[in-house]
Amino acid sequence: MKKNTFKMLLVAIMAISMFLVGCSGKTEETGGKKEPASNGGSGSGSTKDTLVFGRGGDSTSLDPITTTEGEAFKVTENMFETLVEFGEQDTTIHPGLAESWEPSEDGLTYTFKLRKGVKFHDGTDFNAEAVVFNFERWAGGDEEKFPYYANFGGYKGDPGHVIKEVKALDEHTVQFVLTRPLGPFLWNLAMSPFGIASPAAIKKYGDDFRSHPVGTGPFKFVEWKQNDTVTLEKNPDYWQEGLPKLNKLIYRVIPENTARLNALANGEIDIMDGLNYSDEKTVTSNAKLQVIERPTMNVGYLGMTTTRKPFDNKLVRQAINHAIDKKSLIEAFYAGKAVPAINPMPSNIDGYNDEIKDYPYDLEKAKALLKEAGFEKGFEINLWAMPVARPYMPEAQKVAEIIQDSLSKIGVKANIKSAEWATYLEQARKGEFDMFMLGWTGDNGDADNFLYTLLDKDSIGSNNYAYYSNDELHDILIAAQQEPDKDKRNDLYKKAQVIIKEDAPWVPLVHSRPLLAAAKDVSGYLPHPTGSEALTKVEFK
Amino acid sequence: MAELAKNAADISMMPAEEKLVPPWKEALQSFYKNKLAVIGLGIVLFFIVIAIIAPWIAPYGFKDQVLADRMQAPSSKHWFGTDDFGRDIFSRILYGARISLWVGFFSVLGSVVVGTLLGIVAGYYGSWVDGIISRIFDIMLAFPSILLAIAVVSILGPSLQNALIAIAVINVPNFGRLVRSRVLSVKQEEYIMAARAIGMKDSRILFRHILPNSISPVIVQATLAIATAIIEAAALGFLGLGAQPPEPEWGKMLADSKNYITQAPWTLFFPGIAIMLTVLGFNLMGDGLRDALDPKMKQ
Chain L
1 MKKNTFKMLL
11 VAIMAISMFL
21 VGCSGKTEET
31 GGKKEPASNG
41 GSGSGSTKDT
51 LVFGRGGDST
61 SLDPITTTEG
71 EAFKVTENMF
81 ETLVEFGEQD
91 TTIHPGLAES
101 WEPSEDGLTY
111 TFKLRKGVKF
121 HDGTDFNAEA
131 VVFNFERWAG
141 GDEEKFPYYA
151 NFGGYKGDPG
161 HVIKEVKALD
171 EHTVQFVLTR
181 PLGPFLWNLA
191 MSPFGIASPA
201 AIKKYGDDFR
211 SHPVGTGPFK
221 FVEWKQNDTV
231 TLEKNPDYWQ
241 EGLPKLNKLI
251 YRVIPENTAR
261 LNALANGEID
271 IMDGLNYSDE
281 KTVTSNAKLQ
291 VIERPTMNVG
301 YLGMTTTRKP
311 FDNKLVRQAI
321 NHAIDKKSLI
331 EAFYAGKAVP
341 AINPMPSNID
351 GYNDEIKDYP
361 YDLEKAKALL
371 KEAGFEKGFE
381 INLWAMPVAR
391 PYMPEAQKVA
401 EIIQDSLSKI
411 GVKANIKSAE
421 WATYLEQARK
431 GEFDMFMLGW
441 TGDNGDADNF
451 LYTLLDKDSI
461 GSNNYAYYSN
471 DELHDILIAA
481 QQEPDKDKRN
491 DLYKKAQVII
501 KEDAPWVPLV
511 HSRPLLAAAK
521 DVSGYLPHPT
531 GSEALTKVEF
541 K
Chain A
542 MAELAKNAAD
552 ISMMPAEEKL
562 VPPWKEALQS
572 FYKNKLAVIG
582 LGIVLFFIVI
592 AIIAPWIAPY
602 GFKDQVLADR
612 MQAPSSKHWF
622 GTDDFGRDIF
632 SRILYGARIS
642 LWVGFFSVLG
652 SVVVGTLLGI
662 VAGYYGSWVD
672 GIISRIFDIM
682 LAFPSILLAI
692 AVVSILGPSL
702 QNALIAIAVI
712 NVPNFGRLVR
722 SRVLSVKQEE
732 YIMAARAIGM
742 KDSRILFRHI
752 LPNSISPVIV
762 QATLAIATAI
772 IEAAALGFLG
782 LGAQPPEPEW
792 GKMLADSKNY
802 ITQAPWTLFF
812 PGIAIMLTVL
822 GFNLMGDGLR
832 DALDPKMKQ
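Read top to bottom, the protein sequences are chains L and A. When we follow this note's numbering, the leftmost residue of the first sequence carries the number 1, and every step to the right adds one. When we follow this note's numbering, the leftmost residue of the second sequence carries the number 542, and every step to the right adds one.
Keep in mind that the hints are not guaranteed to be accurate.
Claimed, not checked - Using 30 Å as the maximum straight-line C-alpha spacing, the simulated DSS-like pairs for lysine-lysine come out as follows:
1) Lys618/A / Lys398/L
2) Lys618/A / Lys281/L
3) Lys520/L / Lys799/A
4) Lys604/A / Lys309/L
5) Lys327/L / Lys574/A
6) Lys604/A / Lys409/L
7) Lys398/L / Lys604/A
8) Lys327/L / Lys618/A
9) Lys367/L / Lys604/A
10) Lys409/L / Lys799/A
What the hints assert, rightly or not - With the Cβ distance kept under 7 Å, some of the chain A side facing chain L (calculated, not the full set):
11) Leu608
12) Arg611
13) Gln613
Please keep in mind that the hints were generated in silico from the structure rather than gathered at the bench. Positions of the beta carbon are idealized from the N, C-alpha and C atoms, including for glycine.
Input sequences plus hints: build the corresponding full structure.
Rendered as structure tokens:
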């Protein structure tokens with residue numbers, strides 16, 4: 001009998017707590033508005049110069065060339081600088097550590113005039129020798145050690161390696177000699193991984209340089225507590241007068257998006273990335289917080305593995321394209337903060353073909369195409385959805401449910417599946433999925449970084465998860481890589497997009513604008529479309 | 542000779558069966574006297590009816606997405622509001638009753654059948670057979686049940702059917718041990734000895750004599766186990782290991798809406814209440830049955 005009473009008690013407690021949960025929603029909302037007001041009053045004191053940036057994951061390395069992972073670049077952008085830099089919120093090319101540069105007419109040599117009087121954090125001089133040293137180091141590595149260097153066609157000794165030679169002409173002049181023209185050459189140089197590091201420090205620390213970074217950037221390294229914080233402090237000898245404005249910069253890891261938002265509301269952190277679209281209202285209704293949008297340079301897509309039945313049939317892939325209503329999907333799970341994707345790359349990238357029309361949302365047409373392909377009765381497939389929030393798709397499981405519903409209307413039964421993130425990518429890489437959700441954030445704003453990287457037959461086994469292979473497309477993409485003339489190059493990419501649209505290996509879904517939130521007194525923070533930026537001009541006002 | 546034995550067995554059965562009838566009636570009466578038990582029965586019947594007639598009374602389909610109407614508060618159009626896909630929560634709860642009751646009944650049925658068989662065999666034959674079966678039960682009971690269920694589902698792959706199997710598996714030792722202990726005492730009874738003495742086959746003794754006399758605590762236990770099974774199914778659904786979208790499983794509905802607890806509390810409230818009510822119903826009914834069937838509880 002005792003057991004019974006206990007059970008009854010438990011049930012009663014459950015009942016009461018359910019009621020409380022139900023009721024507390026509203027009280028919390030009204031309470032939430034008041035609380036931060038009193039909170040912020042004490043928080044924003046006189047001259048605040050330490051900024052805490054809350055993020056979802058820790059850096060994998062502090063030596064940017066050793067990784068391809070976005071969280072790492074978020075930090076290293078503040079410590080390292082590249083020869084040329086991207087614009088503040090776009091991917092135009094601007095002077096960085098090189099004041100000016102001169103490409104030869106044939107596109108085979110580039111001569112850079114380096115900035116004078118720049119010093120590394122360890123006090124050694126930045127000069128032509130340092131640049132040569134860095135490139136020699138990278139070229140001597142491999143995919144494993146310096147993955148992004150593969151952008152230059154391979155490593156020392158590889159037949160495809162584009163950089164034949166890097167020469168120091170004098171103390172402040174460097175010349176690159178290429179074996180063939182490389183369209184995105186300057187854009188590659190501007191990427192975070194190619195930050196110039198101190199040769200003295202690399203010699204001193206060897207492989208341990210990844211946890212003892214020394215560059216020329218606005219902030220220098222202080223401490224890295226794994227899975228907790230990375231602390232940086234102002235570089236007093238920074239070459240740009242009066243910058244940076246902050247004295248100290250701390251990157252703190254808080255994995256859960258909601259927990260991170262709570263930390264921001266409590267004043268424990270000043271900026272957070274990865275704000276849920278559904279939490280935007282919470283931030284805007286809080287007078288002490290602001291929402292910041294990152295400009296889009298990504299694509300979230302539904303891939304169809306073209307080597308698997310029934311997606312080896314182009315008509316089927318086109319039918320699926322007709323069956324998905326991107327607009328209502330964006331309204332529901334991106335709070336309207338995304339544009340429907342038509343091509344595999346966003347429209348702000350050079351070479352975007354804006355003449356291409358999307359497959360209209362048309363279930364009848366979709367059914368007709370399926371019938372033509374011989375699947376009048378439909379079929380059953382597995383639809384894989386990412387287990388984690390990505391900038392291009394914060395709620396993949398939910399989006400998958402919408403797609404599942406859409407497909408059921410044309411007689412396609414989709415079973416939603418998921419796997420742990422690393423396994424998910426591995427399986428996608430092996431082409432084991434029928435249909436899958438994935439996406440991509442551009443690294444350098446070049447069309448090559450989307451079209452060749454994601455859809456060329458060379459990329460099967462790396463990022464071409466749809467196993468899409470088209471020889472005509474391949475020839476165009478390789479020609480575009482070697483084409484120095486910008487207009488001709490853009491024309492080639494436009495042509496490439498037409499082919500891709502027709503073959504329809506994906507349903508391009510969205511180009512999203514990822515959301516960040518910050519305390520109201522943070523000013524001068526401009527998120528970069530590549531996902532990482534230096535906080536040189538950020539200050540508290 | 543065989544003929545004779547059969548007759549003898551039938552004769553030995555007769556008085557036992559005659560005795561068995563009145564206690565059942567008595568039990569039924571005492572069950573109806575127990576108000577809480579009747580309420581429990583009422584709740585259970587209510588949900589069973591709902592589950593059966595769901596397709597006819599649900600105002601919307603359980604997977605009909607209307608994205609324009611997402612996260613609407615309860616109203617006359619949507620009695621329980623809508624979820625983040627604009628699906629009618631009331632309709633989903635109705636259909637969800639089918640899933641929860643289905644999983645509850647059939648997982649328990651599975652564990653009753655397997656558990657009872659193993660328990661009878663272990664209890665009747667004893668020695669090394671009992672040793673092996675009982676140790677297996679001990680090992681299974683050493684794991685927290687939900688952990689074991691998660692392990693089973695991860696081997697079989699997440700789906701409603703596999704969740705049902707997992708829940709059935711984890712409940713087997715409970716029934717097995719219960720039946721075994723009953724069999725141990727029943728097999729000492731004189732009528733069993735008599736049956737043996739006249740050379741009756743083991744299988745006949747087991748299923749005609751021992752089983753009927755050991756089953757009543759199993760019925761009580763089963764009713765209570767259905768309640769637990771429903772919670773376990775909801776827990777697996779919540780963890781994404783049970784029902785797969787778009788099935789309207791209550792636990793999954795809770796998990797899907799947990800991000801909206803401040804903006805749309807009704808998306809959690811109603812599935813939560815539904816789980817609580819069914820479990821309450823089965824528990825009250827089970828307790829009532831126990832009181833009615835257990836002679837020690839009388840008065």
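Now the hints, each set against the structure:
For the hint pairing Lys618/A with Lys398/L, the CA-to-CA distance comes to about 24 Å; that is within 30 Å, so the pair holds. Restraint check for Lys618/A and Lys281/L: satisfied, since their Cα atoms lie roughly 26 Å apart, inside the 30 Å limit. Distance hint between Lys520/L and Lys799/A is fulfilled; the C-alpha atoms sit about 28 Å from each other, no more than 30 Å. For the hint linking Lys604/A to Lys309/L, the alpha-carbon distance of about 27 Å falls within 30 Å, and the restraint holds.
Between Lys327/L and Lys574/A the CA atoms are separated by roughly 60 Å; this puts the pair beyond 30 Å, and the hint is violated. At roughly 11 Å between alpha-carbon atoms, Lys604/A and Lys409/L fall within 30 Å of each other, so this suggested pair holds. For a cut-off of 30 Å, the pair hint linking Lys398/L to Lys604/A stands: about 13 Å separates their Cα positions. For the given pair, Lys327/L sits about 25 Å from Lys618/A by alpha-carbon distance, which is consistent with the 30 Å threshold.
A threshold of 30 Å between alpha carbons decides the hint, and for Lys367/L with Lys604/A the separation of about 20 Å falls inside it, so the pair holds. At roughly 28 Å between alpha-carbon atoms, Lys409/L and Lys799/A fall within 30 Å of each other, so this suggested pair holds. Taking 7 Å as the C-beta cut-off, the interface hint given for Leu608/A holds, the closest approach to chain L being about 4 Å. Restraint check, Arg611/A versus chain L: the minimum CB separation of about 6 Å is within 7 Å; hint holds.
The beta carbon of Gln613/A comes no nearer than 13 Å to any beta carbon in chain L, farther than 7 Å, and the hint placing it at the interface is violated.
The structure fails to meet hints 5, 13 from the earlier list, while all remaining hints are met.
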